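Colleague: Sequence:
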Amino acid sequence: MKTIALIISSLFIFTCALAENPDTGFTATKVIDLTHPLHEGVPYYPGGVPFRMEQLADYKQDGYRLHKFTMGENTGTHVDAPAHFIEGNRSIDEIPLNRLVAPIVLIDARAQSRAHSDYRLSVRDIEDWEAGNGQIPTGSLVVMNTGWYEKFHSMAQYVNMDKDNVMHFPGYSPEAARVLLQRDVAGIGIDTLSLDYGKSTDFPVHVLMLKANKYQIENMANLDALPEKGATAVIGVLPVQGGSQAQARILAFLP
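Everything in the sequence shown is counted per the numbering used here, starting at 1 for the first residue and increasing by one.
In short, the hints are calculated from the structure, not lab data.
Misleading hints may appear alongside valid ones.
Unchecked claim - Straight-line alpha carbon distances no greater than 30 Å define the calculated DSSO-like cross-link-like pairs of lysine-lysine that follow:
1) K30 x K229
2) K30 x K163
3) K151 x K229
4) K151 x K199
5) K199 x K211
6) K68 x K151
7) K229 x K211
8) K163 x K151
9) K211 x K163
Said to hold, decoys possible - Each pair of labels, with its calculated beta carbon distance range:
10) G132 x D58: 32 to 42 Å
11) A57 x G230: 41 to 51 Å
12) V207 x Q135: 22 to 32 Å
13) N133 x D58: 50 to 60 Å
14) K163 x P96: 15 to 25 Å
Note that the structure is predicted; figures quoted are calculated from it, not measured.
All residues carry an ideal CB built from backbone N, CA and C; glycine is no exception.
Please work from the sequences and hints to get the whole structure.
Modeller: Here is the structure:
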């Protein structure tokens, strides 16, 4: 039986081939990378493990190049598994594969986030999206575009910590999370360090979503390139056995 890792790898190859081959019937016209590249210096959650890469072999001495790297589960663009907060719930390798290919619902909260760095997505924001696009489909990946990903080049700007060591960046409200659970979404995503806003100390959105066995994506990139609806996400998360979070290459296919 194929391993989950092989299935995920095959999924990438298959979807990329479909996008490039019009004879398959797949109608994607554009592929957008929603992933931040990993390199030393990328922002990470305070108290976490930064990305480090060490060269072990090089062409001149060894005839090939080899590196090792270390980082926390939540460094860079990554997926939170339900087991991240809820004991006994799915680990990262147990997320159903059919949930890792999902229609994207993009909710634009850039204006609100520019005006207030502690902004939290509201039920009204969801209602406004649905007024123009219809009810959020079951199995969707709902993504909050705060515009915060543009600060990813700077740890200080991205974390946005004040003199009292309190972080300030946007997130979801618990009320909005409850509505999205009613819509039976596959998961939710954001372009900040956390689905809960920076000031949170009890992480209610994490608890609500992960208790319901949904997944979450943090530190997403290039959300301005997405339409409100119509794109499809392919989430190539590392299938780490027993992992609570893991890095992912996330692609969006546009019709």
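Colleague: Now tell me, hint by hint, if it's right for this structure.
Modeller: To see whether the hints hold, each was checked on the structure:
1. K30 x K229: holds (14 Å)
2. K30 x K163: Outside the cut-off at roughly 43 Å; violated.
3. K151 x K229: holds (25 Å)
4. K151 x K199: Since the Cα atoms of K151 and K199 sit roughly 18 Å apart, the hinted pair holds (cutoff 30 Å).
5. K199 x K211: holds (21 Å)
6. K68 x K151: holds (27 Å)
7. K229 x K211: holds (27 Å)
8. K163 x K151: holds (19 Å)
9. K211 x K163: Measuring from Cα to Cα gives roughly 34 Å; hence the hint is violated.
10. G132 x D58: 32 to 42 Å: violated (54 Å)
11. A57 x G230: 41 to 51 Å: Given about 45 Å between the Cβ atoms, the range holds.
12. V207 x Q135: 22 to 32 Å: 25 Å Cβ-Cβ, so the 22 to 32 Å window holds.
13. N133 x D58: 50 to 60 Å: Holds: the Cβ-Cβ distance is about 52 Å, inside 50 to 60 Å.
14. K163 x P96: 15 to 25 Å: violated (44 Å)
Checked against the numbered hints listed earlier, the structure breaks hints 2, 9, 10 and 14; every other hint is satisfied.
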